[in-house]
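Trainee: Sequence:
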Amino acid sequence: MSDRPPREPRRPGARPFQSRSGGRPGAPFPPRRPKGGKAPPWEGADDVALLYGWHTVAEALANPRRKFRRILATENAVNRLAEEGLTLPIAPEVVRPSEIDRLLGPDAVHQGLLAEVDHLRSPALKDIAKTDLVLVLDQITDPHNVGAIVRSAAAFAVSAIVTTARHSPAATGVLAKSASGGLEHVPFCLVQNLSRALTELKDNGMLVVGLDSEGPADLEDTPLRAPLALVLGAEGKGLRQLTRETCDVLARIDLPGAIKSLNVSNAAALSLGIARRVMKRG
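Residue numbers (the working numbering): 23 to 304.
It is worth saying that the hints were derived from the structure and are not from the lab. Treat the hints with care, since some could be wrong.
Lysine to aspartate or glutamate pairs mimicking DMTMM-like chemistry, simulated, CA-CA at most 20 Å apart [to be verified]:
#	residue 1	residue 2
1	Lys302	Asp243
2	Lys148	Asp234
3	Lys89	Asp123
4	Lys282	Asp243
5	Lys259	Glu242
6	Lys282	Glu222
7	Lys224	Asp234
8	Lys89	Asp154
9	Lys152	Asp69
10	Lys148	Asp240
11	Lys282	Glu267
12	Lys89	Asp68
13	Lys259	Glu236
14	Lys152	Glu222
15	Lys302	Asp154
16	Lys152	Asp225
17	Lys89	Asp129
18	Lys224	Asp149
19	Lys224	Asp154
20	Lys282	Asp225
21	Lys302	Glu242
22	Lys282	Asp234
23	Lys89	Asp140
24	Lys224	Glu257
25	Lys224	Glu267
26	Lys302	Asp240
27	Lys259	Glu222
28	Lys148	Asp270
29	Lys282	Glu242
Could you build the full structure based on these sequences and the hints that come with them?
Mentor: Next up, the structure:
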């Protein structure tokens with residue numbers, strides 16, 4: 023599978039704009055520098071996220087930390103929301119399904135719901151270092167894969183996902199849909215430099231374990247303890263050299279079948295399951 027992300031839909035009502043640097047209309051704003059220790063934003067991403075699909079929007083509605091700016095819903099979706107007892111923070115715009123199709127494209131499975139929301143706040147590294155399990159993504163760029171990883175992370179009670187503001191898909195659109203509501207339970211901790219972030223996690227007591235096919239031992243046979251950070255690299259490329267060197271230890275996942283490699287989202291789910299089991303045992 024290619025790591026090149028598909029084109030994301032433009033948010034409802036968005037218009038081409040002039041970049042702050044005076045570039046061509048429609049060019050993204052240059053990345054903002056963090057001020058006062060705040061996390062950097064996703065490079066090139068809009069400051070508003072698109073959420074669509076029943077589970078994605080319903081989980082967001084149940085999250086008091088989400089700020090909604092706009093909700094588009096079909097009549098059937100509005101009735102279903104009422105039946106499920108979900109409270110809408112703002113009045114929805116009732117539209118035909120074709121209107122949401124037009125905004126998202128014909129292949130998006132939106133189930134009559136589209137919301138425009140603020141991105142969730144990025145937690146500080148020093149705070150997530152106090153939790154028991156964190157996932158770190160080293161330039162995994164396919165939003166389908168990252169979304170599936172978020173869903174698995176939510177299932178295994180991961181405290182946060184650490185990734186870089188550059189070379190990472192923003193938590194919107196395809197990624198949010200693939201996460202199926204997981205974004206509301208597993209925050210992204212955005213950093214500018216991954217190796218420095220890993221060093222900070224280590225300095226705060228975290229064991230940093232990189233998943234690598236050339237690791238000296240199987241993950242299940244590797245001593246693991248909380249607080250733990252598992253690091254995964256992109257398909258094909260794996261962990262970057264500096265990331266590998268910064269990890270405390272490297273571990274592999276041994277597979278008994280004829281195929282010896284997994285899609286990165288499947289590898290994430292398997293490694294999280296192993297980590298939980300080993301930590302519980304130890």
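Trainee: If a hint holds in the structure, say so; if it doesn't, say that too.
Mentor: Hint by hint, here is what the structure shows:
Restraint check: the Cα-Cα separation between Lys302 and Asp243 comes to about 14 Å, which is no more than 20 Å; the hinted pair holds. Taking the CA atoms of Lys148 and Asp234, the gap is near 26 Å; set against the 20 Å cutoff, the hint is violated. Annotation: proposed proximity of Lys89 to Asp123 is violated, straight-line Cα distance about 24 Å (limit 20 Å). Distance restraint check for Lys282 and Asp243: the Cα-Cα separation of roughly 18 Å lies within the 20 Å cut-off, and the hinted pair is therefore satisfied.
Between Lys259 and Glu242 the CA atoms are separated by roughly 23 Å; this puts the pair beyond 20 Å, and the hint is violated. Taking the CA atoms of Lys282 and Glu222, the gap is near 33 Å; set against the 20 Å cutoff, the hint is violated. Taken as a hint, the Lys224 and Asp234 pair is honoured in the structure, with Cα atoms around 19 Å apart against an allowance of 20 Å. Between Lys89 and Asp154, the direct Cα distance comes to roughly 28 Å. Violation of the 20 Å bound is thereby established for this hinted pair.
Restraint check for Lys152 and Asp69: not satisfied, since their Cα atoms lie roughly 28 Å apart, outside the 20 Å limit. Restraint check: the Cα-Cα separation between Lys148 and Asp240 comes to about 29 Å, which exceeds 20 Å; the hinted pair is violated. Of the pairs offered as hints, the one joining Lys282 and Glu267 is violated, with about 24 Å between alpha carbons and a cut-off of 20 Å exceeded. With a CA separation close to 15 Å, the supplied pair Lys89 and Asp68 stays within the 20 Å bound.
Taken as a hint, the Lys259 and Glu236 pair is honoured in the structure, with Cα atoms around 13 Å apart against an allowance of 20 Å. Simply put, Lys152 and Glu222 have alpha-carbon atoms about 12 Å apart, close enough for the 20 Å limit, and the pair holds. The hinted pair formed by Lys302 and Asp154 meets the criterion: a straight-line CA distance of about 11 Å does not exceed 20 Å. A C-alpha spacing of about 11 Å is found between Lys152 and Asp225, which places the hinted pair at or below 20 Å, so the restraint holds.
About 27 Å separates the Cα atoms of Lys89 and Asp129, which puts this hinted pair outside 20 Å; it is violated. The straight-line distance between the Cα atoms of Lys224 and Asp149 is roughly 13 Å, inside the 20 Å bound, and the hint therefore holds. For the suggested pair Lys224 and Asp154, the alpha carbons sit about 13 Å apart, so the restraint of at most 20 Å is met. Taking the CA atoms of Lys282 and Asp225, the gap is about 34 Å. The hint is violated against a cut of 20 Å.
The straight-line distance between the Cα atoms of Lys302 and Glu242 is roughly 12 Å, inside the 20 Å bound, and the hint therefore holds. Simply put, Lys282 and Asp234 have alpha-carbon atoms about 12 Å apart, close enough for the 20 Å limit, and the pair holds. In summary, the hint linking Lys89 to Asp140 is supported, as the alpha carbons are separated by about 6 Å, within the 20 Å threshold. Between the alpha carbons of Lys224 and Glu257 the distance comes to roughly 25 Å, so the proposed pair goes past 20 Å and is violated.
Pair hint Lys224 plus Glu267 holds up; C-alpha atoms about 13 Å apart against a cutoff of 20 Å. Only pairs whose Cα atoms come within 20 Å are accepted, and Lys302 paired with Asp240 is accepted, the gap being roughly 17 Å. For a cut-off of 20 Å, the pair hint linking Lys259 to Glu222 is broken: about 24 Å separates their Cα positions. For the hint linking Lys148 to Asp270, the alpha-carbon distance of about 18 Å falls within 20 Å, and the restraint holds.
The suggested pairing of Lys282 with Glu242 holds, with an alpha-carbon distance near 16 Å, which does not exceed 20 Å.
Checked against the numbered hints above, the structure breaks hints 2, 3, 5, 6, 8, 9, 10, 11, 17, 20, 24 and 27 and satisfies the rest.
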